[in-house]
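From just these sequences and the hints, can you work out the full model?
Protein chains: 2
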Amino acid sequence: MINLDLTNLEKIDPAHGISKEELSSKESLIPAYLEKIKNRDQGFYTVIDEEAPIAKIEEYAMKVRGKYSHIVVLGIGGSSLGTICLQQSLLHLYQNELKTTSAPRLHVLDNIDPVLLKELEDVIDYSKTLFIVVTKSGTTPEILAQYHYFRKQIEKHSLEPKEHLAFVTDPEKGTLRDIANIENIPAFEIPENIGGRFSVLTAVGLLPAKLIGLDIRALIEGAKEMRDNFLQTSNNLAFQIAAIQHTLGEKGKTMNVMMPYAQKLIRFADWYRQLLAESIGKKFNDAGEEVFVGLTPINALGVTDQHSQSQLYNEGPNDKLLIFLENKDANIDLEIPELYEGTTFKKLLDIELKATADSLTKNDRPNFKIQVESVTEESIGQLFMLMEGATAFLGEFYGINAFDQPGVELSKELTRKALL
Amino acid sequence: MINLDLTNLEKIDPAHGISKEELSSKESLIPAYLEKIKNRDQGFYTVIDEEAPIAKIEEYAMKVRGKYSHIVVLGIGGSSLGTICLQQSLLHLYQNELKTTSAPRLHVLDNIDPVLLKELEDVIDYSKTLFIVVTKSGTTPEILAQYHYFRKQIEKHSLEPKEHLAFVTDPEKGTLRDIANIENIPAFEIPENIGGRFSVLTAVGLLPAKLIGLDIRALIEGAKEMRDNFLQTSNNLAFQIAAIQHTLGEKGKTMNVMMPYAQKLIRFADWYRQLLAESIGKKFNDAGEEVFVGLTPINALGVTDQHSQSQLYNEGPNDKLLIFLENKDANIDLEIPELYEGTTFKKLLDIELKATADSLTKNDRPNFKIQVESVTEESIGQLFMLMEGATAFLGEFYGINAFDQPGVELSKELTRKALL
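Protein chains in written order, with our numbering: chain A, 1 to 420; chain B, 1001 to 1420.
Calculated directly from the structure, the hints in this document are not laboratory data.
Any given hint could be a false lead.
What the hints assert, rightly or not - Straight-line Cα separation of at most 30 Å, DSS-like style, residue types lysine-lysine; simulated pairs:
{"hint": "1", "chain 1": "A", "residue 1": "Lys210", "chain 2": "B", "residue 2": "Lys1099"}
{"hint": "2", "chain 1": "B", "residue 1": "Lys1354", "chain 2": "A", "residue 2": "Lys412"}
{"hint": "3", "chain 1": "A", "residue 1": "Lys417", "chain 2": "B", "residue 2": "Lys1011"}
{"hint": "4", "chain 1": "B", "residue 1": "Lys1328", "chain 2": "A", "residue 2": "Lys412"}
{"hint": "5", "chain 1": "A", "residue 1": "Lys347", "chain 2": "B", "residue 2": "Lys1020"}
{"hint": "6", "chain 1": "A", "residue 1": "Lys354", "chain 2": "B", "residue 2": "Lys1152"}
{"hint": "7", "chain 1": "A", "residue 1": "Lys328", "chain 2": "B", "residue 2": "Lys1417"}
Said to hold, decoys possible - Distance windows between CB atoms, simulated:
{"hint": "8", "chain 1": "A", "residue 1": "Asp215", "chain 2": "B", "residue 2": "Asp1041", "range": "52 to 60 Å"}
{"hint": "9", "chain 1": "A", "residue 1": "Glu373", "chain 2": "B", "residue 2": "Gly1066", "range": "45 to 53 Å"}
{"hint": "10", "chain 1": "A", "residue 1": "Asn331", "chain 2": "B", "residue 2": "Gly1066", "range": "50 to 58 Å"}
{"hint": "11", "chain 1": "A", "residue 1": "Gly399", "chain 2": "B", "residue 2": "Asn1003", "range": "38 to 46 Å"}
{"hint": "12", "chain 1": "A", "residue 1": "Lys152", "chain 2": "B", "residue 2": "Asp1122", "range": "31 to 39 Å"}
{"hint": "13", "chain 1": "A", "residue 1": "Thr7", "chain 2": "B", "residue 2": "Arg1416", "range": "20 to 28 Å"}
{"hint": "14", "chain 1": "B", "residue 1": "Tyr1126", "chain 2": "A", "residue 2": "Gly66", "range": "28 to 36 Å"}
{"hint": "15", "chain 1": "A", "residue 1": "Thr233", "chain 2": "B", "residue 2": "Asp1286", "range": "52 to 60 Å"}
{"hint": "16", "chain 1": "A", "residue 1": "Glu289", "chain 2": "B", "residue 2": "Lys1020", "range": "52 to 60 Å"}
Fair warning: this is a prediction, and the values are worked out from it, not measured in the lab.
Glycine included, each C-beta is placed from N, C-alpha and C at the ideal position.
Written out as structure tokens, the structure reads:
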């Protein structure tokens, strides 16, 4: 199970840190906050109990087994970031360059730059490619544009659309659902009460995950373990994280740097970046007052970004909270010959994490660690639920709705008008 | 040539923006700032005039032509970010998955996670791999650890080290230089007066660039064009950017989001992220006073991050300056069938950039555009020099030394002690 190491937060000047007492004094808020979250009618922590969607994905995966050499996900934001994280965390880091695997190669097409589309076409074989079109509303213009483009290409190659397309969308509404119904295209559901950025544990993330060979039941199992913790009124990890973020936000730490010390976890920080930004960056609170709250997420990677960001983190304005992700067991380790006889790369990684955290602590820069035993489906499932729960609590600390995104309407409207 | 579109900065509430008058009133500072920069004895804008290092790289590239299927750069921070940017900007986006090219595949190993090293070994063929070891001081522990590991592997494969290694390091000092001299290993120079984060236009970036087939003379040509502009006392683009960053920093915009609207430019934002963070995040000013200044760089990608960050950028705290990178000509364009008949993906991309910028402007969020005609060696060379120049000017605005990094010494010291 995931552990939080909060010791460095206590070691620094209280103006920039948070003591154990300050933190535990907030625990009495948990029941009321859980009640408020429940009343917002969000499915992110209950959808994982449903067997039918998982069984449907498994059945489909069994049916198409061996059929595709390439899986292309057409999705953006909440429809892509979870899948990219799953791919990076749980597959070989150079999976798509491996010559020794027959597993399908996954590409997530999360942009509309024509160069990206065209160059993707250079590496796929249409006759062996499945396009998974992911849009909750079924109306995302970028994704519909991609869909129409690739569908036309499928047809140009004299292939049957329903053999090369699968949809993940609203159970009833939207363009994609209509097309699926008429043309008998395989279609999976995003429940209505789950927002895009909370949807990784629905078909949005699970369908591509299953098709590239991941253990989606272990992923769900991990999420369930953490969900149980999320509903506890004490020793609640998600609540502790939110309390730290909020308390330090009030102390001027308006940026949250998530910095994994594990190459495979960097895209988890990308996934979380959307979750924190869109959920907490809000103009109005629940009472309708203008508040302009928000914490700005930043992702960094240890040790890599010690060589690009540590100078700023240590000596710049004291305006950041650092959240380290520590991976206890790397599974693989390698000896470093000559230089540091008897040391391994994992030991060096651990030493550098400690040195980085201790240096920040010495400079009164708040930081804490989220520790996972190893990077597996189960721990990734835990991490997703941990940060979703933390974000839900954080919304209650700020008294805002963590589940909407009114601030993007204007640019969508301007785009629509320009397209007329 | 690169153009700045600053119109949106003038359209918003002056408390959050900057007028043309305010900006041009600062131009009188240029001569004094250029003099100060000159006195800091930095080579970043003069090294591009040297012919010998380029000729040496070309000669070496000619000699090893066809010899390697894989180039692995062992480098971190300033020794990796420029190369990653060149690879992403100027090669095919899926270069390493292409079956139709005989050009060597490039991997940049900018971390010490053992999983990364081990999995890289699954895709390279030692007998056809060149390891380029890049460390200016020749003492970076992460890179020396990698070097010793891969060198031992080379020897285990009964291969000749000097046929599979090349060094980029200090012209005279350091472990690597000594080894190169003794063993006759090809070695290239990083001039003493160029810091890591300003070194992309030395052998650090140029050697790998040449080996993967890029036109390094065009890169240098672009940099020279921009350097001439950097030395001008009016219409100086680098100065204008620095003046905007500093003025808006004083107005509370402590974060600078660089958001390219071109898939190929996202790693340019990564490269710039180090440049801004390490150069400007400083505890002491030139006078030795504690100032704790710094602007926090954030990278984002259009349109992708409209779906993950726009909510925060539009409705969260008004604490950011957005710097868009616009690519005028995508070279490739594709029609969008059905949905928006007559529209192309590039047009949609442009429409969304405009909608995003206009929405931010309406919400009084400062933003401006850096416009390139197309993504080529020449324009990337211009961009490197533009932001290096802007960063040098920005240091003078803050009265700090933009070229050192004293804040990382403590964690380096703690690492060294732990390794004893």
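Cross-check of the supplied hints:
{"no.": "1", "hint": "Lys210(A) - Lys1099(B)", "result": "holds (27 Å)"}
{"no.": "2", "hint": "Lys1354(B) - Lys412(A)", "result": "holds (11 Å)"}
{"no.": "3", "hint": "Lys417(A) - Lys1011(B)", "result": "holds (21 Å)"}
{"no.": "4", "hint": "Lys1328(B) - Lys412(A)", "result": "holds (22 Å)"}
{"no.": "5", "hint": "Lys347(A) - Lys1020(B)", "result": "violated (54 Å)"}
{"no.": "6", "hint": "Lys354(A) - Lys1152(B)", "result": "holds (28 Å)"}
{"no.": "7", "hint": "Lys328(A) - Lys1417(B)", "result": "holds (22 Å)"}
{"no.": "8", "hint": "Asp215(A) - Asp1041(B): 52 to 60 Å", "result": "holds (58 Å)"}
{"no.": "9", "hint": "Glu373(A) - Gly1066(B): 45 to 53 Å", "result": "holds (47 Å)"}
{"no.": "10", "hint": "Asn331(A) - Gly1066(B): 50 to 58 Å", "result": "violated (37 Å)"}
{"no.": "11", "hint": "Gly399(A) - Asn1003(B): 38 to 46 Å", "result": "holds (44 Å)"}
{"no.": "12", "hint": "Lys152(A) - Asp1122(B): 31 to 39 Å", "result": "holds (37 Å)"}
{"no.": "13", "hint": "Thr7(A) - Arg1416(B): 20 to 28 Å", "result": "holds (23 Å)"}
{"no.": "14", "hint": "Tyr1126(B) - Gly66(A): 28 to 36 Å", "result": "holds (33 Å)"}
{"no.": "15", "hint": "Thr233(A) - Asp1286(B): 52 to 60 Å", "result": "holds (54 Å)"}
{"no.": "16", "hint": "Glu289(A) - Lys1020(B): 52 to 60 Å", "result": "violated (36 Å)"}
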